[in-house]
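> Now for the letters of each chain:
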Amino acid sequence: MASLDYIFQLDVPFITTRQATIALNTLSPDPILKPNEITVEYSTKDTQLSIVFKGLSDRVIRVAISNVIENLKTIVECMEEFDN
Amino acid sequence: MPNLFSLLESENCQIQTQLSSAMPDLIPTATYISPDLKKDFHPGCGPHSTQGTTTGPSDVVADKGAIDKDRPTEASDSTLGELRARLTTLQDQVNVFLTDRMKLGAAKEEDDKDLERRILDDGVDEDDVE
Numbered sequence: 000m001a002s003l004d005y006i007f008q009l010d011v012p013f014i015t016t017r018q019a020t021i022a023l024n025t026l027s028p029d030p031i032l033k034p035n036e037i038t039v040e041y042s043t044k045d046t047q048l049s050i051v052f053k054g055l056s057d058r059v060i061r062v063a064i065s066n067v068i069e070n071l072k073t074i075v076e077c078m079e080e081f082d083n
Numbered sequence: 000m001p002n003l004f005s006l007l008e009s010e011n012c013q014i015q016t017q018l019s020s021a022m023p024d025l026i027p028t029a030t031y032i033s034p035d036l037k038k039d040f041h042p043g044c045g046p047h048s049t050q051g052t053t054t055g056p057s058d059v060v061a062d063k064g065a066i067d068k069d070r071p072t073e074a075s076d077s078t079l080g081e082l083r084a085r086l087t088t089l090q091d092q093v094n095v096f097l098t099d100r101m102k103l104g105a106a107k108e109e110d111d112k113d114l115e116r117r118i119l120d121d122g123v124d125e126d127d128v129e
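Top line first, the protein sequences correspond to chains D and H. Heads up, the first sequence is in numbering that gives the first Met the number 0, so the first residue is 0 and it goes up one at a time. Heads up, the second sequence is in numbering that gives the first Met the number 0, so the first residue is 0 and it goes up one at a time.
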């Protein structure tokens, strides 16, 4: 397996632990299409969601990061509309 | 080495938040680590918007009169609305940074290929190349 030397950690705080868990449970089922090129790990600690990307290159992680943030914004918008 | 500017900006935003609101602001942050560089990201104090500069249709498509049907709604004044706008700012910062890194990487690769080509085709002595 190639070395995944390009690492990016995104930390997103929420108002409640429940919201952080909802975000994790919504994002994490998204399959990784090329697991030999990138991995994405989700975790929560209290109200904070942490996402760690490990990829083969800047190009690979850029696509994954922007995609996850885009999905995350949609999740936050749903909470904003229905759960706030 | 920690990014001092980023840390100061984070502290400044947190102090402003405590002064202006009972509800703490939700500030997303990020850290990039590669074999040759470490960089911290912080959205800063704003103003922030959900209309990102690196997402949505390209300028070429927009100039042709295309209508962005997926245009994000404006953020509300709520804590979650502000989080969504900050996430957009952070996304723009990361996209611009990584795109620049990709361009640098591509330019370096081209230079390396050019050097290899010159050595193989022209018989340039590698020791003569700076």
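Keep in mind that the hints were calculated from the coordinates and are not lab data. For every residue, glycine included, the Cβ atom is placed at its ideal position computed from N, Cα and C. Please note that a few of the clues may not be correct.
Calculated cross-link-like contacts (lysine-lysine; reagent style DSS-like; alpha-carbon spacing at most 25 Å) [stated by the list, open to error]:
hint, chain 1, residue 1, chain 2, residue 2
1, D, Lys-44, H, Lys-38
2, D, Lys-44, H, Lys-107
3, H, Lys-107, H, Lys-38
4, D, Lys-53, H, Lys-37
5, D, Lys-33, H, Lys-102
Here's a subset of chain D near chain H, in silico, CB distances under 8 Å, partners left out [as the list claims (entries may be wrong)]:
hint, residue
6, Asp-4
7, Phe-13
8, Leu-23
9, Arg-58
10, Ser-65
Some, not all, of what chain D presents toward chain H, calculated at C-beta under 8 Å [to be verified]:
hint, residue
11, Tyr-5
12, Asp-10
13, Ile-14
14, Leu-71
> Hey, Lys-53(D) versus Lys-37(H), does the alpha-carbon distance stay inside 25 Å?
Answer holds: Lys-53(D) to Lys-37(H) is near 14 Å, not above 25 Å.
> How about Tyr-5(D): closest beta carbon in chain H under 8 Å, or not?
5 Å, holds
> With a cut-off of 25 Å on the C-alpha distance, tell me whether Lys-107(H) and Lys-38(H) pass.
Between Lys-107(H) and Lys-38(H) the Cα gap is close to 21 Å, so the pair holds against 25 Å.
> Does Leu-23(D) meet its interface restraint, that is, does its C-beta lie within less than 8 Å of any C-beta in chain H?
15 Å, violated
> Take the shortest C-beta to C-beta distance between Asp-10(D) and chain H; is it under 8 Å?
Holds: closest Cβ of chain H sits about 5 Å from Asp-10(D), inside 8 Å.
> For the hint on Leu-71(D), just tell me whether its beta-carbon gets within less than 8 Å of chain H.
With a minimum Cβ separation of about 6 Å from chain H (threshold 8 Å), the hint on Leu-71(D) holds.
> Under 8 Å is the threshold here; is the Cβ of Phe-13(D) close enough to any Cβ of chain H for the hint to stand?
7 Å, holds
> Would you check whether Arg-58(D) satisfies its interface hint, that is, whether its CB is within less than 8 Å of any CB in chain H?
OK, holds: Arg-58(D) within 8 Å of chain H, min 5 Å.
> Given Asp-4(D) was flagged as interface, is its beta-carbon under 8 Å from a beta-carbon of chain H?
5 Å, holds
> Does Lys-44(D) pair with Lys-107(H) here, judged by a C-alpha cut-off of 25 Å?
Not OK: Lys-44(D) and Lys-107(H) at ~40 Å, beyond 25 Å, violated.
> For the hint on Ser-65(D), does the least C-beta distance to chain H fall short of 8 Å?
Result: holds, 6 Å to nearest chain H Cβ.
> Measuring from the C-beta of Ile-14(D) to each C-beta in chain H, is the shortest one below 8 Å?
6 Å, holds
Violated hints for the displayed structure, listed by number in ascending order: 2 and 8.
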